[in-house]
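If you want the building blocks of each chain, they are given just below.
Number of protein chains: 4
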Amino acid sequence: MKIRNFKSIVSKYKVVFFDAFGVLKNAHGRIDGVDRTIDYLNAQGIGYYVLTNDASRSPELLADSYHRVGLHDITPDKIISSGMLASEYLRYKVKKGKVAYLGTPNSAHYIETLSLTAIPIGELDPATAEDVEVVVFLDDEGFDWNRDINKVINLLRHRNIPAIVANSDKAYPVSKNEVAAAIGAIANMVEDVTGKRIIRFGKPDAQMFIYAYEHVQPMHPVDKNDILMVGDTLGTDILGGNKFGLDTVMVLSGNTPAHLAKQYIQATGITPTYICESAAITE
Amino acid sequence: MKIRNFKSIVSKYKVVFFDAFGVLKNAHGRIDGVDRTIDYLNAQGIGYYVLTNDASRSPELLADSYHRVGLHDITPDKIISSGMLASEYLRYKVKKGKVAYLGTPNSAHYIETLSLTAIPIGELDPATAEDVEVVVFLDDEGFDWNRDINKVINLLRHRNIPAIVANSDKAYPVSKNEVAAAIGAIANMVEDVTGKRIIRFGKPDAQMFIYAYEHVQPMHPVDKNDILMVGDTLGTDILGGNKFGLDTVMVLSGNTPAHLAKQYIQATGITPTYICESAAITE
Amino acid sequence: MKIRNFKSIVSKYKVVFFDAFGVLKNAHGRIDGVDRTIDYLNAQGIGYYVLTNDASRSPELLADSYHRVGLHDITPDKIISSGMLASEYLRYKVKKGKVAYLGTPNSAHYIETLSLTAIPIGELDPATAEDVEVVVFLDDEGFDWNRDINKVINLLRHRNIPAIVANSDKAYPVSKNEVAAAIGAIANMVEDVTGKRIIRFGKPDAQMFIYAYEHVQPMHPVDKNDILMVGDTLGTDILGGNKFGLDTVMVLSGNTPAHLAKQYIQATGITPTYICESAAITE
Amino acid sequence: MKIRNFKSIVSKYKVVFFDAFGVLKNAHGRIDGVDRTIDYLNAQGIGYYVLTNDASRSPELLADSYHRVGLHDITPDKIISSGMLASEYLRYKVKKGKVAYLGTPNSAHYIETLSLTAIPIGELDPATAEDVEVVVFLDDEGFDWNRDINKVINLLRHRNIPAIVANSDKAYPVSKNEVAAAIGAIANMVEDVTGKRIIRFGKPDAQMFIYAYEHVQPMHPVDKNDILMVGDTLGTDILGGNKFGLDTVMVLSGNTPAHLAKQYIQATGITPTYICESAAITE
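Line order of the protein sequences matches chains C, E, D and U. Here the UniProt record's numbering is used: the first residue of the first sequence is 1, the next is one more, and so on. Here the UniProt record's numbering is used: the first residue of the second sequence is 1, the next is one more, and so on. Here the UniProt record's numbering is used: the first residue of the third sequence is 1, the next is one more, and so on. Here the UniProt record's numbering is used: the first residue of the fourth sequence is 1, the next is one more, and so on.
Isolated chain C (complex conformation) (with noise of 0.2 Å):
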């Protein structure tokens, strides 16, 4: 297992898109040197963007997230989050009526910028959820779980409409050692228990890469040729963007430890292009 040099690999393409979390920062922070590669990127020209499965916030609250680390130069239209997909699922098949949603009130953003009606599962009666037309995963924060899952089991045993998940992620870290469940978990059970086919939005699924490959295409006409997918996780980066025909790098800074992923490689048969300690550039 050969661990290469990330600049050296970087400078070769016109395009990079990072994975957020375990690339760019973690739960202390910014990630030692990741500021020197924005600022190499800069002075290169070679565009970048995050592809996060978060879809908990906004693009404007996410960017906020890596401005507190310093990471200033990571702007909202850089950021691509499956919510995005979410939102833009909503906007072609449901044209009114409500959209049911477990999660946060930040994370109802990928519905309220639509003419939509976002009602929390939790505030849904059901005696009026005769017009909730959709149901939205977006967040595992924000509701009471017992309760609300339950509520949604119940709503889509008794409607035929569909449920969405904005973040296929069955897990997220929330300090050096703990790690909380994800909403894409949550969605899982709920398929497990009523047997409906959830959709999934977010990496590794092509659509995530596809949203991103057009959204750069008017400030940067690349072909896939010219991008560099960066992440920690090969179930969902280094796959996703294998299979979209993009180059991949795995660092090793987040999900994937150094001792274990040559292993892991093995095990899955997902293969990166190259491996790097880190996306750092660090001299």
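Some hints here could point you the wrong way.
Same chains, same label: a pair holds when it works inside one copy or across any pair of copies.
[Claimed, not checked] Derived lysine to aspartate or glutamate pairs resembling EDC-like cross-links, with alpha carbons at most 20 Å apart:
| # | residue 1 | residue 2 |
| --- | --- | --- |
| 1 | 12 | 191 |
| 2 | 96 | 125 |
| 3 | 78 | 39 |
| 4 | 224 | 88 |
| 5 | 196 | 214 |
| 6 | 262 | 133 |
| 7 | 98 | 131 |
| 8 | 25 | 131 |
| 9 | 95 | 223 |
| 10 | 14 | 39 |
| 11 | 196 | 133 |
| 12 | 176 | 130 |
| 13 | 224 | 214 |
| 14 | 78 | 123 |
| 15 | 2 | 133 |
| 16 | 2 | 88 |
| 17 | 78 | 277 |
| 18 | 96 | 32 |
| 19 | 196 | 141 |
| 20 | 224 | 32 |
Worth flagging that the hints you see were computed from the coordinates, not collected in a lab.
With chain C's structure known, arrange chains E, D and U on it following the hints.
Using the frame of chain C, we list chains E, D and U on its own:
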């Protein structure tokens, strides 16, 4: 799909295993006519037992719930719950130490009958979690789902200890039209997030049927050919009974309504020996 | 469940995507009346394309199969097969070397259009397998299942190379009452045995719909709102179309017979925009 | 991860259950030193039995395979194969008629010991398939995979009869570096294509351990506490033994090499009571 008369079938066996919910009682109380069935079995000297995936309460408290709907002959010794299997596992595999559990204080009965200390996950201090020897999923009530499911996830990530679930069901009815996610669905979610293999007790697993089979021998020394399993659910009662070598009756008074029975059987290939409207004897 | 008139629906769109089997033809030949549908679309200037998970033959040979049943206007440029996506993957991710495949010589078309060497798994000598860069599952015919599935399993265990399947379907009809396992089911089996993640192309995956969407733009510069997906299978045509943001028609002339349609929709929660007897225009 | 001396462990039990492949023998023959283990157990009066998911041959022929590698004391009565469970299922659930099977003529032993007619799927004439009462998956050899797997798929689609698999393993070793897909993987594929639930016999299922437990009582009237399960595979031998309440030894002479054992245990949470280099007694 031939619908048979329950009395003409049950009269040919020496022992009957009944599923509980959907067969003997439902959200409204006792299922019509099963009191006469119990009278008939008593009169004929046919043994009968309740096999239930309900680990929320002791056999004594479960028996009380039958007495309240007028089935006074269903005494604790006639009840075989999946909690008893969990208890047996603990007796053989956990000689000492603390057992962390998800569930109500009533469900902790299955731990406390042993010389083990039962601690609700919610009260577990990570600093003293070092002497927890096993995690037991007992009931979906009695804890804060968000806080305590995440505590279990992290406990299983950090400690290499077994986890068992005393009820592999995914949902149970709470009223005529509503269900709730059962502890089996919560265990599936924890397995999905952690990758850890959780040991499942309860129908359709063979161990449940063997436990019952051995339990009845002192009173009724019978062969498998002499036992009839009566249930309303193809994937638990009928599949498990068939696999263990028992004849099976599917009743249409619970999970499997008459208009869907044929289709469910064809879709799954799980075929009961007989189909009856209910377990009632009606004349 | 309201059954709609196909003509009144299709007339509102600018482009139609048809699934192939069960929609335009079946084991007996052309589905009654779809020739008139094609005439109507031609007359109205509505674009139409066939989206098929059939990677067993080139678009040219697939078009021939339509000509033989009298649908002469379905030319190769109107056919979008999942094999074309597999080919695109190879073009981006495999620059040189050998491609080992399961399938007929006809299916190898999707490899040979690139500057890559296609080798049937059966002819692969393990001693020279070192320069195989990827395994492609193309078709269920053309090889000895026992010998060659085991060869693939061992190749993927020994070499850390990607594997892709150009058709994620599990089965396909071979006569009125018989089906055969498709290459997608064989890929699932290899994944089950090896634990290696196989990359899947074809409906319902979004990449198939995007490929088609981009393919039609030069001839028909349309928005998603202007495209109608017509299919007979909820889990591929309808789920994939819905997720991509298209309106969808489920026809009852194929996999989903009229007497089961409502139940399938309720069981899965996958809901087409419209339901029609078939894609025929009948007056 | 503490490696223990096998002799010091085994000496504390009254009965030992051995897995076969990877524990007593491998592709090269007998595993070094297990002949001395058998001598030791004989001398100490410790009972020993082989629990194997191999349903390809009768216990007599399986015993022969041990004799050929010099383990002459492993007589047919010491062998408990998953085929015997399949046979028991047929005895209770299929009173008459034809049994269609996938496997070699040798594997049909488990059907022919009953008063049932065994017919290879390949010889089955669909016109006379009406009196087939059950399908049994016995062995991966002895039939044309392509033709006969498709025949089974269509038979199960058309007839509502049960299907059982007498070996739930997915793969087995055929040489030092090669494996072959086992009949369990073929059964999984048929389940994947048809949606029909196939009944599985063999470790880790509890029924295998109960069968063995009851089998040994006449010779060795022991409690579960007195039995040691020795295996090389976490997901079958160790999981099944643990769940049934037995102490377990994982040996490093087979499927689970020493350098991966700790990681496999941590990833799955399946934890043996002890770990030993092998089941050999070496002085």
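Check: Which numbered conditions among the earlier hints are violated in the structure presented, ordered from lowest to highest?
Finding: 1, 5, 8, 14, 16, 17, 18, 19 and 20
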